[in-house]
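Peer 1: Read off the chains here:
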Amino acid sequence: MTVVLDPTAELRPEKRERVARPESLNGLTVGLLDISKPRGDIFLDRVEEKLTGLGAEVKRYKKPTFTKPAPVDLRHEIAVSCDAVIEALAD
Amino acid sequence: MLVAPVLADMAERADITVVTQDDPAFPRAAHWVVHDDDLAMSWHNRIETVPTLLRVDNGSEADRIVGWSRKGWEEFSGLDDLGNDLPDFRPGCGSLSVDPNLSDELAVRFSGSKLKSRRLELASLEDDMEAMFDRGFTDGMPVVPPTEARVLRMLEGTSRAPDEIVAVVPPDLVECSVEKVAVNAVMAGCRPEYLPVVLTAVSAACTDEFNMHGLLATTMPVGPILIVNGPIRAQIGMNSGTNLLGQGNRANATIGRALQLVIRNVGGGRPGGVDRATQGSPSKIGLCFAEDEEGSAFDTFAESRGFDRSASTVTLFPGEGPRLMFDQKSRSAESLTRHFAEMLRVNVSPRIVMQMETVIVMSPEHMARYRDAGWDRARFLAELEALLMIDGDDIVAGADGIEEGMPTFLAGHQLPKFPPGGIHVVHGGSRAGLFSTTIAGWVTGATGSVTVTKEITR
Chain Y
1 MTVVLDPTAE
11 LRPEKRERVA
21 RPESLNGLTV
31 GLLDISKPRG
41 DIFLDRVEEK
51 LTGLGAEVKR
61 YKKPTFTKPA
71 PVDLRHEIAV
81 SCDAVIEALA
91 D
Chain S
1 MLVAPVLADM
11 AERADITVVT
21 QDDPAFPRAA
31 HWVVHDDDLA
41 MSWHNRIETV
51 PTLLRVDNGS
61 EADRIVGWSR
71 KGWEEFSGLD
81 DLGNDLPDFR
91 PGCGSLSVDP
101 NLSDELAVRF
111 SGSKLKSRRL
121 ELASLEDDME
131 AMFDRGFTDG
141 MPVVPPTEAR
151 VLRMLEGTSR
161 APDEIVAVVP
171 PDLVECSVEK
181 VAVNAVMAGC
191 RPEYLPVVLT
201 AVSAACTDEF
211 NMHGLLATTM
221 PVGPILIVNG
231 PIRAQIGMNS
241 GTNLLGQGNR
251 ANATIGRALQ
261 LVIRNVGGGR
271 PGGVDRATQG
281 SPSKIGLCFA
291 EDEEGSAFDT
301 FAESRGFDRS
311 ASTVTLFPGE
321 GPRLMFDQKS
331 RSAESLTRHF
341 AEMLRVNVSP
351 RIVMQMETVI
361 VMSPEHMARY
371 RDAGWDRARF
381 LAELEALLMI
391 DGDDIVAGAD
401 GIEEGMPTFL
411 AGHQLPKFPP
421 GGIHVVHGGS
431 RAGLFSTTIA
441 GWVTGATGSV
451 TVTKEITR
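So the sequences go chain by chain: Y and S. Just so we're aligned: 2 in our numbering is position 2 of the first sequence, and the numbers increase by one with no gaps anywhere. Just so we're aligned: 79 in our numbering is position 79 of the second sequence, and the numbers increase by one with no gaps anywhere.
Possibly wrong hints are sitting among the right ones.
[Said to hold, decoys possible] Pair ranges (Cβ atoms, derived):
| id | chain 1 | residue 1 | chain 2 | residue 2 | range |
| --- | --- | --- | --- | --- | --- |
| 1 | Y | LEU74 | S | SER310 | 43 to 51 angstroms |
| 2 | S | ASP299 | Y | ALA79 | 50 to 58 angstroms |
| 3 | Y | LYS59 | S | GLY273 | 38 to 46 angstroms |
| 4 | S | ARG135 | Y | LYS37 | 33 to 41 angstroms |
| 5 | S | PHE110 | Y | VAL80 | 47 to 55 angstroms |
| 6 | Y | ALA79 | S | ARG135 | 30 to 38 angstroms |
Keep in mind that the hints were calculated from the coordinates and are not lab data. Note that beta-carbon positions come from the ideal geometry of N, C-alpha and C, so glycine has one too.
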């Protein structure tokens, strides 16, 4: 029997339960996160229009650059002010 | 053994302890003879030769003498007339504790506890190599199974403690220890003496400037390209000559791969996961090479990055695969530079300017044109940059019926192909061949990656 050393970070995948899917978006606050790719804003404008039509309140957010993860403060702000979030890619 | 009568003589005249490795009754069964049956004393005292004489004061070693030398032993012990019948000098024999058949087992037994990684037991019916694939640890090619003995040997390559944190590795942002780097370096096929280069490369990759996260996540076919300078190139046998960007040299082939395995296994960055490369590139398996400093007419690449020639450094460049720059007819520096400029205009796209840097790996025969002309790096770069001013009219969106291009407000402007300081020249390749290479970069600067050079320490 060979014994080897685990080459990974040994992170036990922490099961994070998602918030239950809302029945309806009516009256909920939905965050739209623009990752700062060209034309992402055009896509999100259209999504906002659709969501508003469904009775949701929309808040818009933007990452400083698409090449790096969203800053922790931005993630926190979205988490505390929204019921749901949509992160959009565009190219 | 030759010195047996001397040991008995010394035991009568002085306070000595004889440690015997294999035969508990050697040189005789006596209260001053201790049997090192598990070789623990020999291993911990790093005995390489028997006999070795240690002087111990208050439980710690004050001095040692290796092999038999009458004069040496007499001075060391303060006893006269030792072994008068013996030859004056004999070098001794190898200690059992360094016997190649035992040394790995002893290292694991006596220092394995310093390794903190989780032990994975492979089932006896599993093939070790297949097990590495099955667990997702490889980049698609076989890896060396990282046993405790191999990882301990790898750690001999550095003076750093196994639990020292080297970097926080993206994309999972995990603290990575020297030991975890060593585990992955074993898997990549590195020798212990390569480990300092790998450690430095890991810490350079995981800086905010180099932005390994972005480089991994981008849809472009880019990865960290490693360029090694300084005395360590020769010390670890790196290739800066024939086929330096290709296969065949162990250090070149495994150091870059070790970094990529750290990103994969420790950082959790995998193709299809956070690695979103549309097509990728063979250079993402790991591309590492050394500069031929001695044959260059320019200062060294490391010197151009602000380091001393005596320092060993590794530079990480965010780049795609190498592409040939062909010129077999230029006999003047001017002609060759003009042709280089023409070939460099198409890096990434002829319509992309100012955003991405490049590495030029200049071959010795091309470098000879600049040596003949007396050009140094500064002259070469000044001439090349002047030739790489692009007419905005030709490359704005819509020009020539092509929708891709720079913003239309740049029409009417002369635009530099590369950002300031964005042409990195490294010398290397075989003595024959009028071919150089360009390695195109990806987004430079605060929103992308900045080229990073670090000094390698052991």
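Peer 1: So, for every hint listed, does it hold in this structure?
Peer 2: Do the hints match the structure? See the list:
Our hint of 43 to 51 angstroms for Y:LEU74 and S:SER310 holds, since their Cβ atoms are close to 45 angstroms apart. Separation of S:ASP299 from Y:ALA79 is about 52 angstroms and conforms to the stated range, judged on CB atoms against 50 to 58 angstroms. Between Y:LYS59 and S:GLY273 the CB atoms are about 29 angstroms apart, so this pair departs from the stated range of 38 to 46 angstroms. Evaluation of the 33 to 41 angstroms hint for S:ARG135 and Y:LYS37 yields a pass: the beta carbon distance comes to about 35 angstroms.
A hinted range of 47 to 55 angstroms holds for the C-beta pair S:PHE110 and Y:VAL80, which are about 53 angstroms apart. Judged by the Cβ atoms, the range 30 to 38 angstroms given for Y:ALA79 and S:ARG135 holds: they are separated by roughly 34 angstroms.
Taken one by one, the earlier hints fail for this structure only at number 3.
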